Every structure is written in structure tokens, then in C-alpha cells.
Amino acid sequence: MLAKKYLSKVVELTNPIDGIYTVSFQSQGRQYKYKPGQFLHLSIDSQYDGIGQWPESRCFSMQSSPGELNLKITYSVKGAYTGLMEKSLGVGSDVWLKMPYGDLFQQQHDKTNTVFIAGGTGITPFLSLLTYESFQEYINPKIYLGFRSQTFNLYKKELAGLCNSSKLVNFFYEDIDGLLDIKYIFYENGKNSNYFISGPPDMIKNFRHSLITLGVASENIFTDNWE
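If you use the numbering used here, the sequence shown closes out at 385, no skipped numbers anywhere.
Among the hints, erroneous ones may be present.
With a straight-line cut-off of 20 angstroms between C-alpha atoms, the simulated SDA-like cross-links for lysine to any residue are [to be verified]:
no., residue 1, residue 2
1, K349, T270
2, K193, K349
3, K256, K300
4, K349, T371
5, K163, R188
6, K300, Y345
7, K315, K163
8, K314, Q266
9, K314, G210
10, K256, N271
11, K167, P213
12, K269, K314
13, K191, P174
14, K162, S185
15, K167, H267
16, K191, Y239
17, K349, Y239
18, K163, K230
19, K167, S201
20, K163, K245
21, K300, N271
22, K191, M243
23, K256, T270
24, K167, W212
25, K167, K245
26, K300, P213
27, K162, G210
28, K256, K315
29, K341, K315
30, K230, I202
31, K191, G225
32, K300, S201
33, K230, M243
34, K167, D203
35, K315, I178
36, K162, G208
37, K191, G208
38, K193, L242
39, K193, T371
Because the hints were derived from the structure by calculation, they are not lab data. Just so we're clear, the structure is a prediction, and the values are computed from it rather than from any experiment.
Use the sequences and the hints to build the structure in full.
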């Protein structure tokens, strides 16, 4: 699927926690086309005409599923560009999106006993799959989600349908349970499962290393680390 440019408008923006924003975009032309787990480049350059050299931008995972009309992302204010986004974006703002990129869930993998591990906003690429029809193809999946506290779990509504099964979704809150424990997750699932990991770069690196040390084959570990 070739990347295309979409002139888009901000149709919803929430700021549930200081420094964290969830933004919904609506295409001003063709309908968005992408697959679960893919990401986009977002530019807030108001002078861009959609034809010339692509301007400065930032990558974000798509949180919404391909079946939705609007496209949603969540971002944390961590650097200069996200700082500009915080100051300039509002409902009605025009932006350019260039997408899709990545193949997180399109890579060959066994869909039986698949393990999904996410820390913080690293859950967003997973949501695009978990809320999409193709997630029904997974047999006995397990999901482990870590947050600083319950306040930072902004995704309860999207996960509501999955949370009916206590064995499917496992929440860990740092202020109550401590950090996500990759050894605990491994001992619950074993070396023959496929593991998808998304979150801060250090977490991804450390979890991948730990799983390999514990005997999981590197080809059974998939990471969302395009940053």
C-alpha cells in the first residue's frame, strides 16, 4: 500500500492528562486507507500545498481501526515538535497526514497464543487491531498493559468489549503493582508464543533482550519501535 497525503481537519481534541492529547482527524478528500498497527507522518505546516517537498513532520501510531471514518492518535508533549502541536492544534485546524507506513501485524506470525505487551501510550498501535474485525483471527491471545496509575489508563472505553474476559486483558498500575514484569509474562506464556511489544524505547529493548535470554526465538518477537 503506497503512502498518500491527506489534507485533514481536527474534529476532536481532548487533554485528559497534563501533557497528553488525543486528537481525531477527518479527511478533507479521499477516505483514509491503512492496516492495523501502521503509523503516519503528521505535519502542521500551514503553508504546505500538498505537492512540493514534504515538510517537517512527526510520526504517530494510528489508534483508530481501519473501519472507522475518522482517524485518531494520542501523543505526549516530549519535544519541540509536539510542543508546537500543543500550542497550535485545536478543533478546526488543518493538518497534512502522510500514510500508511509500517507492517507491525502484517509480518508472518502465528495467531495462536499471541502475547501483546504495551507500556503507556504504546498501547495505541495495538488498539487499531484490538478494535478491528481481524482481531477475531487470534486464538487465545493475552494482553498485558502497564500504566503509571489508573488515571493514565485512557483506553477503558475502547477496551470495554475485551475486558469482559479477565484472562484476556491484564492491567498493571505502577503505583500499585510496580512495573510490568517481563519474566512474569514469559512464565505465563512460554517460549513458543509470539510476543508483540510496544512502549518506550528502553522498555522495548530490555523486554526483547529478556525474552531472547529466556529462550524465545528472535523471529517470534515483534516490536513497534519506528521512533
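Results of checking the hints against the structure:
Between the alpha carbons of K349 and T270 the distance comes to roughly 13 angstroms, so the proposed pair stays at or under 20 angstroms and holds. Between K193 and K349, the direct Cα distance comes to roughly 28 angstroms. Violation of the 20 angstroms bound is thereby established for this hinted pair. For the proposed pair K256 and K300, the alpha carbon gap of about 32 angstroms is over 20 angstroms, so the pair is violated. For the given pair, K349 sits about 10 angstroms from T371 by alpha-carbon distance, which is consistent with the 20 angstroms threshold.
Taken as a hint, the K163 and R188 pair is honoured in the structure, with Cα atoms around 9 angstroms apart against an allowance of 20 angstroms. A distance of roughly 13 angstroms separates the Cα atoms of K300 and Y345; the hinted pair therefore holds under the 20 angstroms criterion. With a C-alpha separation of about 30 angstroms, the suggested pair K315 and K163 falls outside the 20 angstroms cut-off, and the hint is violated. A hinted pair counts as satisfied when its Cα atoms are at most 20 angstroms apart, and K314 with Q266 does not qualify at roughly 29 angstroms.
Between K314 and G210, the direct Cα distance comes to roughly 41 angstroms. Violation of the 20 angstroms bound is thereby established for this hinted pair. At most 20 angstroms may separate the alpha-carbon atoms for a hinted pair to count; K256 and N271 exceed this at roughly 34 angstroms. Distance restraint check for K167 and P213: the Cα-Cα separation of roughly 17 angstroms lies within the 20 angstroms cut-off, and the hinted pair is therefore satisfied. Simply put, K269 and K314 have alpha-carbon atoms about 24 angstroms apart, too far for the 20 angstroms limit, and the pair is violated.
For a cut-off of 20 angstroms, the pair hint linking K191 to P174 is broken: about 28 angstroms separates their Cα positions. Distance check on the hinted pair: K162 and S185 sit about 12 angstroms apart at the alpha-carbon level, within 20 angstroms; holds. A hinted pair counts as satisfied when its Cα atoms are at most 20 angstroms apart, and K167 with H267 does not qualify at roughly 36 angstroms. Proximity of K191 to Y239 is assessed by CA-CA distance (about 25 angstroms); at most 20 angstroms being required, the pair is judged violated.
For the proposed pair K349 and Y239, the alpha carbon gap of about 40 angstroms is over 20 angstroms, so the pair is violated. Between K163 and K230 the CA atoms are separated by roughly 16 angstroms; this keeps the pair inside 20 angstroms, and the hint holds. Of the supplied pair hints, the one linking K167 and S201 holds, its CA atoms being roughly 12 angstroms apart against a limit of 20 angstroms. A hinted pair counts as satisfied when its Cα atoms are at most 20 angstroms apart, and K163 with K245 does not qualify at roughly 23 angstroms.
The straight-line distance between the Cα atoms of K300 and N271 is roughly 7 angstroms, inside the 20 angstroms bound, and the hint therefore holds. Between the alpha carbons of K191 and M243 the distance comes to roughly 24 angstroms, so the proposed pair goes past 20 angstroms and is violated. The suggested pairing of K256 with T270 is violated, with an alpha-carbon distance near 33 angstroms, which exceeds 20 angstroms. As the CA atoms of K167 and W212 are separated by approximately 18 angstroms, the hinted pair is consistent with the 20 angstroms bound.
The suggested pairing of K167 with K245 holds, with an alpha-carbon distance near 16 angstroms, which does not exceed 20 angstroms. As the CA atoms of K300 and P213 are separated by approximately 40 angstroms, the hinted pair breaks the 20 angstroms bound. Of the pairs offered as hints, the one joining K162 and G210 holds, with about 13 angstroms between alpha carbons and a cut-off of 20 angstroms not exceeded. Pair hint K256 plus K315 does not hold up; C-alpha atoms about 28 angstroms apart against a cutoff of 20 angstroms.
Restraint check for K341 and K315: not satisfied, since their Cα atoms lie roughly 29 angstroms apart, outside the 20 angstroms limit. For the given pair, K230 sits about 16 angstroms from I202 by alpha-carbon distance, which is consistent with the 20 angstroms threshold. Restraint check for K191 and G225: satisfied, since their Cα atoms lie roughly 9 angstroms apart, inside the 20 angstroms limit. Between K300 and S201 the CA atoms are separated by roughly 35 angstroms; this puts the pair beyond 20 angstroms, and the hint is violated.
Using a Cα cut-off of 20 angstroms, the hinted pair K230 and M243 holds, with the two alpha carbons roughly 15 angstroms apart. At most 20 angstroms may separate the alpha-carbon atoms for a hinted pair to count; K167 and D203 meet this at roughly 13 angstroms. A threshold of 20 angstroms between alpha carbons decides the hint, and for K315 with I178 the separation of about 17 angstroms falls inside it, so the pair holds. This hinted pair checks out: K162 and G208 have alpha carbons roughly 10 angstroms apart, not beyond 20 angstroms.
Using a Cα cut-off of 20 angstroms, the hinted pair K191 and G208 holds, with the two alpha carbons roughly 18 angstroms apart. Only pairs whose Cα atoms come within 20 angstroms are accepted, and K193 paired with L242 is rejected, the gap being roughly 28 angstroms. Restraint check: the Cα-Cα separation between K193 and T371 comes to about 32 angstroms, which exceeds 20 angstroms; the hinted pair is violated.
Of the numbered hints stated above, those contradicted by the structure are hints 2, 3, 7, 8, 9, 10, 12, 13, 15, 16, 17, 20, 22, 23, 26, 28, 29, 32, 38, 39, listed in ascending order.
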